[in-house]
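Asker: The chain contents come next:
Number of protein chains: 2
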Amino acid sequence: MSKPRNAFYAQSGGVTAVINATACGVIETARANRRRIGKVYAGRNGIIGALTEDLIDTSYETKGAIAALRSTPAGAFGSCRYKLKSLEENQDEYQRLIAVFKAHDIGYFLYNGGGDSADTCLKVSQLSQSTGYPIQAIHIPKTVDNDLPITDNCPGFGSVAKYIAVSTREASFDVASMAKTSTKVFIIEVMGRHAGWIAAAGGMASDSATEIPIVILFPEVAFDRSRFISTVNRKVKKFGYCTVVVSEGARDAQGHFLADQGLRDAFGHTQLGGVAPIVAAMIRDDLGLKYHWAVADYLQRSARHIASRTDVEQAYATGKAAVAFALKGKNAVMPTIVRTSNSPYRWKIGEADLNRVANREKTMPRGFISRDGMGITARCRQYLAPLMAGEDYPPYRNGLPRYIRLKNIAVKKKLARQFTV
Amino acid sequence: MSKPRNAFYAQSGGVTAVINATACGVIETARANRRRIGKVYAGRNGIIGALTEDLIDTSYETKGAIAALRSTPAGAFGSCRYKLKSLEENQDEYQRLIAVFKAHDIGYFLYNGGGDSADTCLKVSQLSQSTGYPIQAIHIPKTVDNDLPITDNCPGFGSVAKYIAVSTREASFDVASMAKTSTKVFIIEVMGRHAGWIAAAGGMASDSATEIPIVILFPEVAFDRSRFISTVNRKVKKFGYCTVVVSEGARDAQGHFLADQGLRDAFGHTQLGGVAPIVAAMIRDDLGLKYHWAVADYLQRSARHIASRTDVEQAYATGKAAVAFALKGKNAVMPTIVRTSNSPYRWKIGEADLNRVANREKTMPRGFISRDGMGITARCRQYLAPLMAGEDYPPYRNGLPRYIRLKNIAVKKKLARQFTV
Chain G
0 MSKPRNAFYA
10 QSGGVTAVIN
20 ATACGVIETA
30 RANRRRIGKV
40 YAGRNGIIGA
50 LTEDLIDTSY
60 ETKGAIAALR
70 STPAGAFGSC
80 RYKLKSLEEN
90 QDEYQRLIAV
100 FKAHDIGYFL
110 YNGGGDSADT
120 CLKVSQLSQS
130 TGYPIQAIHI
140 PKTVDNDLPI
150 TDNCPGFGSV
160 AKYIAVSTRE
170 ASFDVASMAK
180 TSTKVFIIEV
190 MGRHAGWIAA
200 AGGMASDSAT
210 EIPIVILFPE
220 VAFDRSRFIS
230 TVNRKVKKFG
240 YCTVVVSEGA
250 RDAQGHFLAD
260 QGLRDAFGHT
270 QLGGVAPIVA
280 AMIRDDLGLK
290 YHWAVADYLQ
300 RSARHIASRT
310 DVEQAYATGK
320 AAVAFALKGK
330 NAVMPTIVRT
340 SNSPYRWKIG
350 EADLNRVANR
360 EKTMPRGFIS
370 RDGMGITARC
380 RQYLAPLMAG
390 EDYPPYRNGL
400 PRYIRLKNIA
410 VKKKLARQFT
420 V
Chain H
0 MSKPRNAFYA
10 QSGGVTAVIN
20 ATACGVIETA
30 RANRRRIGKV
40 YAGRNGIIGA
50 LTEDLIDTSY
60 ETKGAIAALR
70 STPAGAFGSC
80 RYKLKSLEEN
90 QDEYQRLIAV
100 FKAHDIGYFL
110 YNGGGDSADT
120 CLKVSQLSQS
130 TGYPIQAIHI
140 PKTVDNDLPI
150 TDNCPGFGSV
160 AKYIAVSTRE
170 ASFDVASMAK
180 TSTKVFIIEV
190 MGRHAGWIAA
200 AGGMASDSAT
210 EIPIVILFPE
220 VAFDRSRFIS
230 TVNRKVKKFG
240 YCTVVVSEGA
250 RDAQGHFLAD
260 QGLRDAFGHT
270 QLGGVAPIVA
280 AMIRDDLGLK
290 YHWAVADYLQ
300 RSARHIASRT
310 DVEQAYATGK
320 AAVAFALKGK
330 NAVMPTIVRT
340 SNSPYRWKIG
350 EADLNRVANR
360 EKTMPRGFIS
370 RDGMGITARC
380 RQYLAPLMAG
390 EDYPPYRNGL
400 PRYIRLKNIA
410 VKKKLARQFT
420 V
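Those protein sequence lines, which keep their order, are chains G and H.
According to numbering that gives the first Met the number 0, the residues represented by the first sequence are 0 to 420, in order.
According to numbering that gives the first Met the number 0, the residues represented by the second sequence are 0 to 420, in order.
Keep in mind that a hint or two might mislead.
Copies of the same chain are indistinguishable here, so a pair counts whether it falls within one copy or spans any two.
[Unchecked claim] Taking lysine-lysine pairs in the DSS-like style, the calculated list, with each CA pair at most 30 Å apart, reads:
(1) 237 x 327
(2) 406 x 289
(3) 82 x 236
(4) 329 x 289
(5) 411 x 179
(6) 101 x 82
(7) 179 x 2
(8) 361 x 84
Hint data in this document are derived by calculation from the structure and do not stem from the laboratory.
Given these sequences and hints, build the entire structure.
Answerer: Put into structure tokens, the structure is as follows:
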């Protein structure tokens, strides 16, 4: 039997609470198949690590450290926002990738990211064909935005959805108890520049057992100030308070982001304000109601302490499946999550061709948004509920979660040429 | 034996993740002493409920519902921001209180709040002496700000501290993994207008096992822009990134709040922006670094899902102690938390005279703040650590915490006169 070839694994784009659970699935599965896969080299700061030959040798990490990745948020090897251009525009970078892969006998390219990285992964597989260097490129889905096609949902989303639903419920209880003399409208800004999946999760804070008046502003629905204001006003009159969940991508009929209102400080400098204070000012100006607002920002996507168990399991399973695909000789594919039953919720791993995944964005179906454009439907609830189900608490020490920091020891460089990105 | 007199319980001011645990302690202890305490009437929306004779009869709530208060955030009976004026200025309101107490045979006034409510509670006890109507007034500490004197710490603080420490650690892991090509400075705005206790908790995100570069802006330390910027710059150069924890009460040497920078939107309207975007703009203007910012706002004080077990236990214990004090005939006192040992952490319930509590604010001791004014000392860590220790997860259903909503059935009014506040 020939010497097993090594695998390259990299994390790409914005990190999540569970992308390291995927890394855990990749590395543990590769280790369980030592006779067929050599070492797992991780790219330091994602694909940049491949280009600069800055590879991390994960074999130096203990079994316990790799296992701890399952409950550690963010990207243990570093991630990056770096999109490779087309093969025609950027021959140099692709040739460099092949040179690095060749130097380190890398036969498997496992790329963990969203739509952009699926595209890069596809290009690497094409490169393999055009250059004759044998490498199998497998994409592993990851995005809090939940906007990848074909897969029922994306690892990373379920946990951010749970965080937003839990936080919206808790803050709404707070506002409800203060509304008599104080805050009547609470606004929470959530991520999702193009797709309203995370905003929709805010709607899950309210259910038949715990009714909460919630107004959601989706990127998919053109913002209409007078309809929004009258809806908030009606809910405040009925319930005494109202919670607004606004997507950072909320925009008007002309497609302008609400967040882009030309805020200026006292010196006339532009102020990047977020959309929550903008919506808060509308409440104040049009209704004169007392408000509070929150911007969860990174807190929402790194909140491993309240991760969804479904999400952790699926993140691990996609990492495991990627290695299984590699061992089966597959190329230019992505493991997907296939929902086989809603009640009870059941899922399995499927497979998608990368050319059907790359550069396609899945937004909220109209049937998931209520007729008034500011709420979620029963179908949406049925879709979201199992994705945020179950708790998977990390271990704690002295009141704080124990998150692992790896040694991240570099592989000795073999190429004479330096490469700067 | 004469018929036992009833107790009045009210929640005052900003709510917390554990104020209902105190309510649970009050009601369960009163129920266990039925022969000596009649019913527990709760004020609907705090003291306003007493003034308007809008009392809630908690005896209609099941044992299970009262037990569930222990794991439900915010104020189950409603709270309010309403400070009674001095006895001289506001005879009418105090006479009304006595009329309501008399009508409902209330012999115990249990008031659950911060500094202002301690003052109100003291006035009620004085009123009892001056009017001859026998009522025992007991104050129960509650404030996320941790600024009450005498007591070692305040119920409500430990949980917000834990939330901020956990969130700061998680977001810092996120930034660390993105810093190579993206965000280098993350700013989180936390509560605490006059005292930096919550901001200090952000410093706990970093410890010997998990070093994180953190800069803290306290209300107690005059903000110096150039020293702040050079500190951030140094940390970014050394670690590749930096996290800034800024108190909403951060202010300059002249005492002006940083948040108050005269923000204007495109129409020239004042924008209440929060301090995080202000600090972010400084990072951008002075260092040109990419940043992200979050404003936790109500999320931090309602985050029962990540409450500190120490905090939940102490919140319950102070409620229980208040009833015990009442049964012992005490008046104008507050149960306190007394730290009897640091290692292992041990505490017991003590007792403070209300006239030593009211209208005094406890800010961070200088010995808790590092010499550069932007970090915490070992003494501060020793103080904070046990307060955020232990987890006390609420029950979940379908991925969301089950928080109780009480029936809150009103007591039949007995007074002819209406009273408006």
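Asker: Tell me, in ascending order, the numbers of any earlier hints that this structure violates.
Answerer: Result: hints 1, 4 and 7 break, sorted rising.
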